[in-house]
Amino acid sequence: MNKIFITIYFFFSLLAINSQNCFEASKANWGNDSLECRKNVSLYSEFMKQKVFVDAAKFWNKTQKFCPQYKPNLYKNGIYIYKQIAKEKKKAKDPQLKLYVDTIYSIYNDWVINFGNCDQIKADLAADIMALDASKGFAKAYDLYKKVFQDSPKFTSYNDIKYFVYANKYMLKTKKIECDQFLENYELLSEICDQNISKEINVDKYQKVQAFLDQEISPCASCDKLEEIYTSKYNASKDDMKLIKKIFERLSNNKCTESSLYIELLDKVLNDPNNPPTAKDLYNAAVADYKRKQFTKAEERFNRAVKIAGDENLKQKIYEILYDISFNKNQYKKALSIAGKFTDACTANDKKARIVASSSTKYGTSAFNKSLIYCLALQYASKSCGKTSTNAITSWKGQLLPKSELIMLDIKSGSSQQVPFWGQNVELKTRD
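Once you know that position 279 of the sequence shown is 279 in the working numbering, the rest is easy, because the numbers rise by one and skip nothing.
Check the hints yourself; a few may be wrong.
[To be verified] Dumping the calculated DMTMM-like pairs for lysine to aspartate or glutamate here, alpha-carbon to alpha-carbon at most 25 Å:
#	residue 1	residue 2
1	K233	D267
2	K225	D194
3	K307	E320
4	K49	D102
5	K233	D194
6	K242	E227
7	K362	D344
The set of hints was computed from the structure by calculation and includes no laboratory data.
The model shown is predicted, which means the values in this text are computed figures rather than measured ones.
Kindly generate the complete structure, drawing on both the sequences and the hints.
Structure, rendered in structure tokens:
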């Protein structure tokens with residue numbers, strides 16, 4: 001704890017030095033007193049493994065004193081040890097918490113002094129500032145992250161993207177950056193997400209982070225503003241289909257589908273014979289059609305998308321909207337067929353139950369026929385794992401005939417009956 005009161009200005013001045021590759025130790029440097037170094041390395045390492053972090057910290061400090069250039073990993077371990085202690089101090093609301101946080105910064109300082117500065121250290125420090133001291137360190141974390149994301153994004157993760165967005169929001173709120181800079185950073189982060197997704201690195205995580213980005217950019221992402229920025233980029237490179245597709249997707253994600261730029265790009269993205277649209281391109285265009293209630297056009301594009309989509313998550317999103325279109329157009333059997341394509345059997349049965357029940361208005365030409373249709377709907381609902389609402393089930397049960405009416409029709413409850421229109425057999429149930 002003897003290095004707590006470091007000069008923060010000096011520390012961040014060191015971090016501002018031009019980046020260099022992180023030092024990789026080919027062998028351990030045991031220092032001038034190798035016996036003491038070896039002993040204390042062994043002790044702190046063992047206590048760290050046992051998660052006895054207070055004792056690990058004591059022997060880590062002795063190691064750092066005897067052999068400060070033992071290995072870069074010494075400092076990673078020291079930061080880890082003190083972070084675990086800081087977490088416990090925070091839980092206990094210990095007033096000494098700040099001392100341990102300052103010690104973590106001092107370890108970063110010693111790491112830079114002994115092994116030189118590099119972007120990996122900056123990325124780790126920025127993440128720790130956001131995790132431990134965000135309220136006071138947003139601006140510091142922002143500066144560190146900005147340089148790392150520009151120069152060495154390989155040292156970042158999807159969590160770092162989230163942290164950097166929070167830092168951006170703080171900088172915007174305190175008027176330390178303007179919307180243009182926020183949007184420029186957004187583009188940088190989106191490109192990093194795209195690269196990781198295309199390389200199949202944590203695809204699900206980066207897709208979620210991209211959705212988070214699209215959500216958090218909203219204070220600066222008015223359609224007028226986005227159109228202004230992207231029109232400039234588009235006009236500078238009108239034949240760059242990669243750029244055009246990216247702009248098209250960004251406008252779609254931010255619901256800017258009425259803009260003149262979107263309409264212009266739509267034709268290029270979907271009709272360039274040398275650059276056929278991807279499933280995501282078609283999906284984005286179809287979603288825009290759907291929101292404009294151009295259902296026929298949307299349906300055609302969704303069907304094109306699903307034929308070439310390799311991403312099962314995207315297919316499921318498409319089936320969800322195709323089902324809604326068919327449902328709203330009273331295309332009962334078509335909707336039932338689409339419901340059968342859902343990978344989640346519970347969801348599939350819920351949707352089948354709803355579309356069957358909705359057909360009763362047209363095909364329930366008698367009380368008996370209507371009762372049979374609701375029997376089939378209830379049969380599907382029983383397999384929906386609770387996804388079909390209790391209110392819907394109660395309502396459908398109320399449409400079943402009572403036993404007394406079946407007696408008058410000379411039909412037995414529990415008998416197998418064919419459901420009109422659907423051509424399926426179902427066990428006949430009554431409301432009582």
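Please flag the earlier hints that this structure goes against, numbers listed from lowest up. Going through the list in order, the structure violates hint 7 alone and respects the others.
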